[in-house]
Amino acid sequence: MTRPAAQVPIASPAASPDSPVPSLPGAVTGGDAVGDGPGDGESGGAAGARPWRRVARRAGARVASAVAVLWAAATLAYLALWLAPGDTVDILVGDGPDTPEIRARIVAEWGLDRPEALQYLSYLGRLAHGDLGRSYQLQRGVGEVLATQVWPTAQLTLAAAGTGVVLAVVIAVLTAGRSRWPRRLASAAELVSVSVPQFVIGMLLLAVFSFSLGWFPVSGARDASALVLPALALGLPIAGVLGQVLREGLERALEQPFAVTARSRGLTERALVARHALRHAALPAVTLTGWFVGVLLSGAVITEALFGRPGLGQVTMQAVTGKDMPVVMAVVILSAAVYVSVSTLLDLAYRLIDPRLRSAG
Amino acid sequence: MTTTASSVDSLDAGPATTSPGVGRVAGRPSRGRAAPVLAALFLALLAVAVAAPGVVTAADPLAADPLRALAAPGAEHWFGTDHLGRDVLARVVHGARHSLSIGLLATAVAVTAGVLLGLAAGLAHRWAGEALARAFDVLSTFPELLLALLVVAVTGPGTVNVVFAIGVAQIPTYARVVRAQTFVVRRSGYVEQAVTFGHPRGRIIVRHVLPNALDPIPVLATLGLGQAIVAASGLSFLGMGPQPPAAEWGAMLSQARDYLRVAWWEALFPGLAITLTVVCVTVLGRRLQRRFEGRTT
Numbered sequence: 001m002t003r004p005a006a007q008v009p010i011a012s013p014a015a016s017p018d019s020p021v022p023s024l025p026g027a028v029t030g031g032d033a034v035g036d037g038p039g040d041g042e043s044g045g046a047a048g049a050r051p052w053r054r055v056a057r058r059a060g061a062r063v064a065s066a067v068a069v070l071w072a073a074a075t076l077a078y079l080a081l082w083l084a085p086g087d088t089v090d091i092l093v094g095d096g097p098d099t100p101e102i103r104a105r106i107v108a109e110w111g112l113d114r115p116e117a118l119q120y121l122s123y124l125g126r127l128a129h130g131d132l133g134r135s136y137q138l139q140r141g142v143g144e145v146l147a148t149q150v151w152p153t154a155q156l157t158l159a160a161a162g163t164g165v166v167l168a169v170v171i172a173v174l175t176a177g178r179s180r181w182p183r184r185l186a187s188a189a190e191l192v193s194v195s196v197p198q199f200v201i202g203m204l205l206l207a208v209f210s211f212s213l214g215w216f217p218v219s220g221a222r223d224a225s226a227l228v229l230p231a232l233a234l235g236l237p238i239a240g241v242l243g244q245v246l247r248e249g250l251e252r253a254l255e256q257p258f259a260v261t262a263r264s265r266g267l268t269e270r271a272l273v274a275r276h277a278l279r280h281a282a283l284p285a286v287t288l289t290g291w292f293v294g295v296l297l298s299g300a301v302i303t304e305a306l307f308g309r310p311g312l313g314q315v316t317m318q319a320v321t322g323k324d325m326p327v328v329m330a331v332v333i334l335s336a337a338v339y340v341s342v343s344t345l346l347d348l349a350y351r352l353i354d355p356r357l358r359s360a361g
Numbered sequence: 001m002t003t004t005a006s007s008v009d010s011l012d013a014g015p016a017t018t019s020p021g022v023g024r025v026a027g028r029p030s031r032g033r034a035a036p037v038l039a040a041l042f043l044a045l046l047a048v049a050v051a052a053p054g055v056v057t058a059a060d061p062l063a064a065d066p067l068r069a070l071a072a073p074g075a076e077h078w079f080g081t082d083h084l085g086r087d088v089l090a091r092v093v094h095g096a097r098h099s100l101s102i103g104l105l106a107t108a109v110a111v112t113a114g115v116l117l118g119l120a121a122g123l124a125h126r127w128a129g130e131a132l133a134r135a136f137d138v139l140s141t142f143p144e145l146l147l148a149l150l151v152v153a154v155t156g157p158g159t160v161n162v163v164f165a166i167g168v169a170q171i172p173t174y175a176r177v178v179r180a181q182t183f184v185v186r187r188s189g190y191v192e193q194a195v196t197f198g199h200p201r202g203r204i205i206v207r208h209v210l211p212n213a214l215d216p217i218p219v220l221a222t223l224g225l226g227q228a229i230v231a232a233s234g235l236s237f238l239g240m241g242p243q244p245p246a247a248e249w250g251a252m253l254s255q256a257r258d259y260l261r262v263a264w265w266e267a268l269f270p271g272l273a274i275t276l277t278v279v280c281v282t283v284l285g286r287r288l289q290r291r292f293e294g295r296t297t
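From first to last, the protein sequence lines stand for chains A and B.
For the first sequence, UniProt numbering gives the first residue as 1, with consecutive numbering after it.
For the second sequence, UniProt numbering gives the first residue as 1, with consecutive numbering after it.
Among the clues, some could well be false.
Across the chosen pairs, the derived CB separations fall in these ranges [claimed, not checked]:
id, chain 1, residue 1, chain 2, residue 2, range
1, A, A108, B, G54, 39 to 49 Å
2, B, L62, A, G130, 46 to 56 Å
3, A, L121, B, G158, 48 to 58 Å
4, A, G96, B, V262, 49 to 59 Å
5, B, G74, A, S212, 47 to 57 Å
6, A, E101, B, Y259, 39 to 49 Å
7, A, I102, B, P244, 57 to 67 Å
8, A, G308, B, R203, 53 to 63 Å
9, B, G158, A, A117, 51 to 61 Å
10, A, G96, B, A124, 40 to 50 Å
11, B, L84, A, V170, 38 to 48 Å
12, B, A58, A, G143, 29 to 39 Å
13, B, G54, A, Q256, 34 to 44 Å
14, A, S212, B, G54, 29 to 39 Å
Partial selection, computed: residues in chain B whose CB lies under 8 Å from chain A [what the hints assert, rightly or not]:
id, residue
15, P143
16, G234
17, R261
18, I274
Derived from the structure by calculation, the hints contain no laboratory data.
Since we're looking at a predicted model, the values are computed, not measured.
Cβ coordinates follow ideal geometry from the N, Cα and C atoms, glycine included.
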């Protein structure tokens with residue numbers, strides 16, 4: 001009996017649409033882009049006559065898939081509320097004040113006196129208007145609750161993403177094509193960063209730099225120094241994995257004919273890496289978008305808890321502990337929105353990095 | 001956390017990836033062969049701790065002795081004592097049972113549901129299969145931890161709920177692979193042959209499609225187990241897992257955070273236990289994967 005298993009690239013960095021690498025459904029976060037071998041570059045030339053039509057179609061597909069993901073997230077959140085055992089009004093009240101007026105208000109806001117299909121549609125309609133609902137525990141609008149906490153989390157995740165990417169590039173450039181030991185060290189770092197839970201790294205950083213050396217505050221988010229350790233704790237795992245992927249990409253790129261050509265033109269190895277090879281190496285890394293956003297978002301919850309930082313993670317934890325469903329549902333939708341925007345941005349960046357895709361769109 | 005995908009993804013590394021800890025013990029890891037052996041040894045030790053924790057340590061993980069709280073590691077308490085005077089070694093050893101069983105059960109849930117759904121998506125009629133596949137795609141874009149938190153928000157904290165939450169969050173990983181695999185097998189020569197011979201549909205699915213569609217599962221499940229343990233300890237760290245005074249590694253770390261200034265040992269040992277366990281599982285998973293891909297070194 002043949003074993004067709006070998007045909008399924010479960011470990012190939014060039015993600016096919018069915019590979020386990022999360023890529024936006026129906027969209028092209030890299031799946032097809034990686035498939036565009038160097039030889040396919042010219043195939044878009046014939047369609048160059050009406051480039052605007054291609055661009056429009058592409059943008060349309062992009063928007064459609066973004067809407068699909070957001071709709072799915074909203075539905076998932078709704079499903080969770082619907083599946084939750086007990087009376088929906090009880091669930092939505094949670095630990096908040098429970099008076100007949102509030103109950104009547106919940107029934108009105110969620111349309112609970114209407115048929116279920118209408119409830120769902122009015123929920124979607126409400127979301128489409130940007131209304132995330134109301135937390136009956138905090139007695140405030142969910143949008144308002146989240147808005148006050150977005151900034152600390154944005155600071156943390158952006159700082160961590162920056163740290164992670166910069167470290168990854170440094171690791172990749174320093175270890176690509178080197179002798180065994182630096183490479184071993186880098187792949188060990190990668191193994192550790194996928195294996196060690198974020199809070200263990202964070203605790204280690206806390207123990208050494210806050211408690212022993214006293215360089216950074218133990219908790220809070222008062223000033224920039226309080227951001228250093230959380231950003232490192234969240235950025236290091238990213239650096240480990242991304243560094244490994246970039247290094248492999250660099251090594252592949254440096255073996256390609258264009259590298260030989262560049263060298264024969266007298267380009268130094270450093271310039272070759274900086275100007276040409278890194279571009280190639282960045283392509284497979286873009287397929288990690290889903291993972292990247294996932295690590296940042298779920299890492300933010302844990303990092304904020306560990307370092308006692310305010311932010312969306314803390315809001316999420318309080319909502320989950322207090323069963324404040326409107327807030328939990330909004331967090332799920334918000335994280336889908338973040339995913340959609342980041343992957344759209346990276347998809348655009350992808351086109352900037354790889355000129356072959358601009359015409360082929 | 002969708003790291004499963006990335007760990008699966010970033011494996012073309014070539015030479016075996018050795019962890020620093022494992023490598024140091026080995027002295028000179030000979031082309032990465034020592035790492036899987038050491039990993040297997042550590043996991044065997046862990047299995048003993050799960051099956052018979054009494055063999056490893058006689059101390060009671062729950063026996064508090066406030067007079068000896070936060071004692072440094074020494075002859076009497078090898079790993080020291082925690083803030084309630086409980087033996088940290090005993091808690092780490094007994095904690096293996098919680099942490100590993102949550103990881104294993106969650107993986108079992110995810111694999112079972114993932115295989116069934118993936119098979120259904122691969123065999124269903126065009127639009128139904130397509131709809132299921134899109135659903136997996138969308139689900140796999142969500143961070144696992146957030147999905148798990150959504151489940152916990154509905155079910156409440158606790159061991160069983162964490163198993164369910166992590167299991168559900170990991171379903172898409174398996175479902176997507178099994179669906180892709182089913183597609184390949186469905187169009188293969190031997191299945192076409194069986195159809196031509198007029199074998200009943202059910203028999204073809206059970207005898208030919210299912211066994212072959214399951215091919216990549218052992219590798220994925222091993223790598224997924226590591227991630228499930230990480231996710232479980234994360235949820236416990238956040239206070240969603242086994243409730244105190246149960247000895248669970250993530251929960252232990254969460255309590256140890258408050259005593260980090262005075263008692264590093266209360267945090268270090270459970271932290272090491274999680275790290276070593278997941279590193280070993282991942283090393284073994286990657287070895288299996290290389291063998292699976294026919295690239296044995």
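Check: Broken hints, numbered, in rising order?
Finding: 1, 3, 4, 5, 7, 9, 12, 13
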